[in-house]
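Enquirer: Here's the letter readout for the chains.
There are 4 protein chains.
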Amino acid sequence: MSNSESSKRDDVSSSQSSSAGEPQTDSPSILPSIMGEIGFIGLGRMGAAMAANLVAARRPVIAYVRRKEQIEQLKPLGISATTDMGDLLDCQLVISMLPDDDALRQVVMGSKDDHLAGLAAGLMPGAIHLSMSTISTACAAQLSLEHTRHGQGYVAAPVFGNPDAAKARQLFIVAAGAAADVVRCQPIFDCLGQRTFVVGADQREANLIKLLGNMMTATTLEMLAETIAVLRKRGLDPQPFLEIMTSTMFGGRAHRIYGDKIVRQTYAPGFMLPLVLKDVRLALAEAENAGSPMPSVGVVRDRLITAIARGYGDLDWSVLGQIAAEEAGLAPLQQPLAK
Amino acid sequence: MSNSESSKRDDVSSSQSSSAGEPQTDSPSILPSIMGEIGFIGLGRMGAAMAANLVAARRPVIAYVRRKEQIEQLKPLGISATTDMGDLLDCQLVISMLPDDDALRQVVMGSKDDHLAGLAAGLMPGAIHLSMSTISTACAAQLSLEHTRHGQGYVAAPVFGNPDAAKARQLFIVAAGAAADVVRCQPIFDCLGQRTFVVGADQREANLIKLLGNMMTATTLEMLAETIAVLRKRGLDPQPFLEIMTSTMFGGRAHRIYGDKIVRQTYAPGFMLPLVLKDVRLALAEAENAGSPMPSVGVVRDRLITAIARGYGDLDWSVLGQIAAEEAGLAPLQQPLAK
Amino acid sequence: MSNSESSKRDDVSSSQSSSAGEPQTDSPSILPSIMGEIGFIGLGRMGAAMAANLVAARRPVIAYVRRKEQIEQLKPLGISATTDMGDLLDCQLVISMLPDDDALRQVVMGSKDDHLAGLAAGLMPGAIHLSMSTISTACAAQLSLEHTRHGQGYVAAPVFGNPDAAKARQLFIVAAGAAADVVRCQPIFDCLGQRTFVVGADQREANLIKLLGNMMTATTLEMLAETIAVLRKRGLDPQPFLEIMTSTMFGGRAHRIYGDKIVRQTYAPGFMLPLVLKDVRLALAEAENAGSPMPSVGVVRDRLITAIARGYGDLDWSVLGQIAAEEAGLAPLQQPLAK
Amino acid sequence: MSNSESSKRDDVSSSQSSSAGEPQTDSPSILPSIMGEIGFIGLGRMGAAMAANLVAARRPVIAYVRRKEQIEQLKPLGISATTDMGDLLDCQLVISMLPDDDALRQVVMGSKDDHLAGLAAGLMPGAIHLSMSTISTACAAQLSLEHTRHGQGYVAAPVFGNPDAAKARQLFIVAAGAAADVVRCQPIFDCLGQRTFVVGADQREANLIKLLGNMMTATTLEMLAETIAVLRKRGLDPQPFLEIMTSTMFGGRAHRIYGDKIVRQTYAPGFMLPLVLKDVRLALAEAENAGSPMPSVGVVRDRLITAIARGYGDLDWSVLGQIAAEEAGLAPLQQPLAK
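Chains as they are written, first to last, in the working numbering: chain H, 1 to 339; chain U, 340 to 678; chain X, 679 to 1017; chain D, 1018 to 1356.
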């Protein structure tokens, strides 16, 4: 997983989105453009928004779903769907957006129990699997190897952003894979996000950056929560504190978005706690495997467990603000499960 | 310490600096402007830079110093100095910039051992003590009371920024005190910083915001350190990760400045560890008094203790990056005490 | 996983070992005694000592080993061995002592890659699998179910004690399973340990108690390490402190054994760090699944990661004493890998 | 604070109590026995029990109290009391048992506000101040110096044990001071405790051992709380787990006493949380001064703050069991303030 070639600042190449609906034309002409239908697996809140944006950009999509009723649900978004994964196997590109390692492994390697063949065995040589899920680096390495054995490409391209950002094509994409494969995916990235960061050939690096980035946000939420709880216990309005912080040292998106949520005590569903805890688990495992402890993440982990145990699992991770308040003896939410 | 009146966003009034050397003239005419020499106590790296900026703005300064040789050292900066605190007692405004509660208390309350009278006993009624040190809220409350008893004003105005920012008049100032006193200080703030946030009448609030703000930065340093150590242990260049973070969710000053220092492993003296640990101690005591735990700050506390124990006490707090690396088994600094 | 029946103190039935070599005769006569050879899988340091004790108690053992050369190595201990697991399938009792969930699962469920049939498919109905490994409760539940499907018994009986204790028949055994199965195993327990605690029918409970018990010891080691490091940094001999502790509030085995190791700074291999970290991982996962955080264990986890990263992985978990010393700036071990 | 002389195990000399009421007669005849009334300062729950035991051993006591009504309250215990500290200044021995550094400092150094002269200025040369409070090492050093300047002895002798143990003369005493002074105090120790550990000449060592010992117990409580909460969340009775632990690795007093309290969820007042938090604060300050972090104690600190914030401040420190349960989502106490 060497990265020596990207030690200079400009080695993270980044491309701004071109305008919607207009596939980029400046890819090296030698590489064949992605043509025909794009396969899509994982039509949750994130995936459905992303697939709809592809359709809006005149990129036809064929989605694989598990339950028949989902086919009808996707029609209004212009997305064709099938319950037979075999219908995706002629695609030059298949995008996956799944909740965890196991779900993705099953899609790629197949599953005897479900009589699924798996993408690796089924896709044509030269096809690309564009894997946008948040997964472990071990899983990324395994799937990359499997696709390579079948002469296919595997591009890791996890994203930063919630479903609203996905809808608004405001995702940030971190991409890694064989250079030629990444270049062929670039027009697709331009339909999905506001900016793509290409970090090199090793797919694991993209997944690791995504996990560590989520931990940066999680610990930021925790620290905002801790400071705001202190202010509340002192009888002070936390708003001036937040305004001073975001006007001086912490003007970035994370502090502004989540600071505001915690100050206003609004924890409407967004990034829900069980999924956050899954990412924390993956990140701590990566840290353990790397031999590098992350005690700050341990703090978040414990508070997430408490939050879920108290019935806040359906809320956004900004509910860490509520947990910090409760650790300071302030009252619990009255109807944690109401949305 | 009620703050109910500042629950609306615009209650943090903020004023941009006017151009250098030009005292603001728009203060309510009814309030007498600060005239004559400004007293200055605490001529360390921060204080000396600030006093020099006052002189440059045609505000004469009389500084109190402990040792005679300091008088000569301050001359090139245009600062008159004295070893007799009595020479400051006719000033309408005295600024203090001292390292801790005890030093400041001694200056205000006097000290029998040193035969010092103390500002409270010595200043004229109506004079203002502008206290810019990072101190506890308990100390702020005590000194405010003492000055009130003597008919004097006490304005708390701690600052965000290092000595370089002080020199460049780029400090952020958080001010609290009686409204009339704060208005009279505003022209002075305009000579010292780029922006002033007025948070109300209770001086303690300004000091608490300052301490919590420093904890925000300290935990940010720690988390950057932890993530970058994981990347290094995986054999990856941390630069692309940092660039992606600061281009997406963490575009603020703290992440850009300190992320860069940790990636480049440059820990030249700036905010030195014993002073950081003092602020951590004060912040944890405030949290304890408020009845609101801050476990993320506990993590930083332990790593600072380790850093000082390993001989890194003279370095900048960005050396938390080095401690995270050592917790991951990477090599210690060869010459920690060299600067 | 109900445990209502064991809510009274005396519900943990405990049996003292009878004298060696004399199988207990007071089991209900209705239950057939275990006859013939006892199968044994997992002949590591623990397993080999335990199997040797069975042989010494005139209980013939047939051990399954992976490599042919192990057969010769076990002969001096009086243990017959085979590389064909099929040779164990006629046994009325098979004991397993394996390092982790995966190894045990493979033994019970079989493995296509290795053309292994697996105990569940191969043992006779009525036979008992006595599982003495430290594993997760999820694995215990899965294996119990699998054996039940095949009409076999599954008794969980993890042990407290290191290889020296195993040799000396000083293990403590925590047993759970169907009452009849546990009773049949009791004569075996009497050959292996000094005392058996029967905690009920649910095998998971025995495994959970074992994992939590190990965490009790791990956090004890950590706290001894932290206090002793403080004393050392103050230039004090830690021996009087330890003596006072163990003479007053902490007279138990853990504090006496491990306190002495940490004071004497002897970390010779015993319970090696990667295995400790595995148990920590399992315990934290149990806590997460139960929805109950264990922050004290998080502290140990981070220090174990650091210890392994510094090359101390081959040493005993008492090396946490060394890590605490290094966090206090004391010198690292000169030859961490020497034993 | 050298301790080189006590590096051999038997350097902690320990004396068993002789039978009650019978002063030891084997002290070196060259040292004058303590004669006449013994002064006692600090008649709280601990102090009153200890003073009563002195009286019961035919050692007359003259107690200094702040409020007149206390004089009557102490009469039934056979304790003479006075509100004039001057009445204690002829004593050859004065015992103090006070809540914190400040209270003790005031007693020794005097207080202008209260027109108190202070023990150091008032006691006769050759008299001994036997300081049994739990205080910081810095305070111990300061008071020792002050008494030395006045030709008096200062013996530090903090105790392990709660008020019930004090009543039953079951305290453990850790004593340090000039050898001759300690020997003269030994008959007094024999009236108060079951065993005395003499750790050397430096008084600070006794106080440090006391603080670290309390941290050992605090972290033990926390870990018992964490494990028992996991078992409860799994629907298991924690009693078998505790019984197994105390029967195997953790047979000491702390685990038996406090494990039982946490399992039975009885948190009746004993060692109340604000005093525990004071000791935690002192211990963390000692660790910080020594340059040796104690992260396990940080965990306890945060949970104590939460417990007090939730209204459990009047309960025993075993209420850490309740906090761990609440962190796992279990219900809060219905009437935390009821006793």
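Source of the hints: derived by calculation from the structure; they are not laboratory data.
Some hints here could point you the wrong way.
[To be verified] Here's a subset of chain D near chain U, in silico, CB distances under 8 Å, partners left out:
| # | residue |
| --- | --- |
| 1 | Ala-1185 |
| 2 | Asp-1319 |
| 3 | Thr-1323 |
| 4 | Ile-1325 |
| 5 | Gly-1328 |
[What the hints assert, rightly or not] Keeping only pairs whose Cα atoms sit at most 25 Å apart, straight-line, the calculated PhoX-like set for lysine-lysine is:
| # | chain 1 | residue 1 | chain 2 | residue 2 |
| --- | --- | --- | --- | --- |
| 6 | H | Lys-112 | H | Lys-167 |
| 7 | H | Lys-233 | U | Lys-617 |
| 8 | X | Lys-911 | D | Lys-1295 |
| 9 | U | Lys-617 | X | Lys-911 |
| 10 | H | Lys-233 | D | Lys-1250 |
| 11 | U | Lys-572 | U | Lys-414 |
| 12 | X | Lys-753 | H | Lys-112 |
| 13 | U | Lys-451 | D | Lys-1129 |
| 14 | X | Lys-956 | D | Lys-1184 |
| 15 | X | Lys-845 | X | Lys-956 |
| 16 | U | Lys-572 | U | Lys-617 |
| 17 | D | Lys-1092 | U | Lys-617 |
| 18 | X | Lys-845 | X | Lys-753 |
| 19 | H | Lys-278 | X | Lys-845 |
| 20 | X | Lys-790 | X | Lys-746 |
| 21 | U | Lys-572 | X | Lys-746 |
| 22 | H | Lys-278 | H | Lys-167 |
| 23 | U | Lys-506 | U | Lys-414 |
| 24 | D | Lys-1092 | D | Lys-1184 |
| 25 | D | Lys-1295 | H | Lys-278 |
| 26 | D | Lys-1085 | D | Lys-1129 |
| 27 | D | Lys-1250 | D | Lys-1092 |
| 28 | H | Lys-278 | U | Lys-451 |
| 29 | H | Lys-75 | H | Lys-167 |
[Unchecked claim] For the chain D half of the interface with chain H, some residues (derived, Cβ under 8 Å), not all of them:
| # | residue |
| --- | --- |
| 30 | Arg-1281 |
| 31 | Gly-1330 |
| 32 | Asp-1331 |
| 33 | Ala-1345 |
| 34 | Gly-1346 |
Source: prediction; values computed, not measured.
For glycine and all other residues, C-beta sits at the position ideal for the given N, C-alpha and C.
Enquirer: Now tell me if each hint is right for this structure.
Expert: Hint check:
no., hint, in the structure
1, Ala-1185, "34 Å, violated"
2, Asp-1319, "4 Å, holds"
3, Thr-1323, "6 Å, holds"
4, Ile-1325, "6 Å, holds"
5, Gly-1328, "10 Å, violated"
6, H:Lys-112 <-> H:Lys-167, "35 Å, violated"
7, H:Lys-233 <-> U:Lys-617, "22 Å, holds"
8, X:Lys-911 <-> D:Lys-1295, "22 Å, holds"
9, U:Lys-617 <-> X:Lys-911, "20 Å, holds"
10, H:Lys-233 <-> D:Lys-1250, "30 Å, violated"
11, U:Lys-572 <-> U:Lys-414, "51 Å, violated"
12, X:Lys-753 <-> H:Lys-112, "43 Å, violated"
13, U:Lys-451 <-> D:Lys-1129, "14 Å, holds"
14, X:Lys-956 <-> D:Lys-1184, "47 Å, violated"
15, X:Lys-845 <-> X:Lys-956, "24 Å, holds"
16, U:Lys-572 <-> U:Lys-617, "31 Å, violated"
17, D:Lys-1092 <-> U:Lys-617, "48 Å, violated"
18, X:Lys-845 <-> X:Lys-753, "17 Å, holds"
19, H:Lys-278 <-> X:Lys-845, "42 Å, violated"
20, X:Lys-790 <-> X:Lys-746, "21 Å, holds"
21, U:Lys-572 <-> X:Lys-746, "38 Å, violated"
22, H:Lys-278 <-> H:Lys-167, "24 Å, holds"
23, U:Lys-506 <-> U:Lys-414, "17 Å, holds"
24, D:Lys-1092 <-> D:Lys-1184, "17 Å, holds"
25, D:Lys-1295 <-> H:Lys-278, "38 Å, violated"
26, D:Lys-1085 <-> D:Lys-1129, "21 Å, holds"
27, D:Lys-1250 <-> D:Lys-1092, "51 Å, violated"
28, H:Lys-278 <-> U:Lys-451, "61 Å, violated"
29, H:Lys-75 <-> H:Lys-167, "17 Å, holds"
30, Arg-1281, "23 Å, violated"
31, Gly-1330, "10 Å, violated"
32, Asp-1331, "14 Å, violated"
33, Ala-1345, "5 Å, holds"
34, Gly-1346, "3 Å, holds"
Figure legend: structure checked against the earlier numbered hints; hints not met, in rising order: 1, 5, 6, 10, 11, 12, 14, 16, 17, 19, 21, 25, 27, 28, 30, 31, 32.
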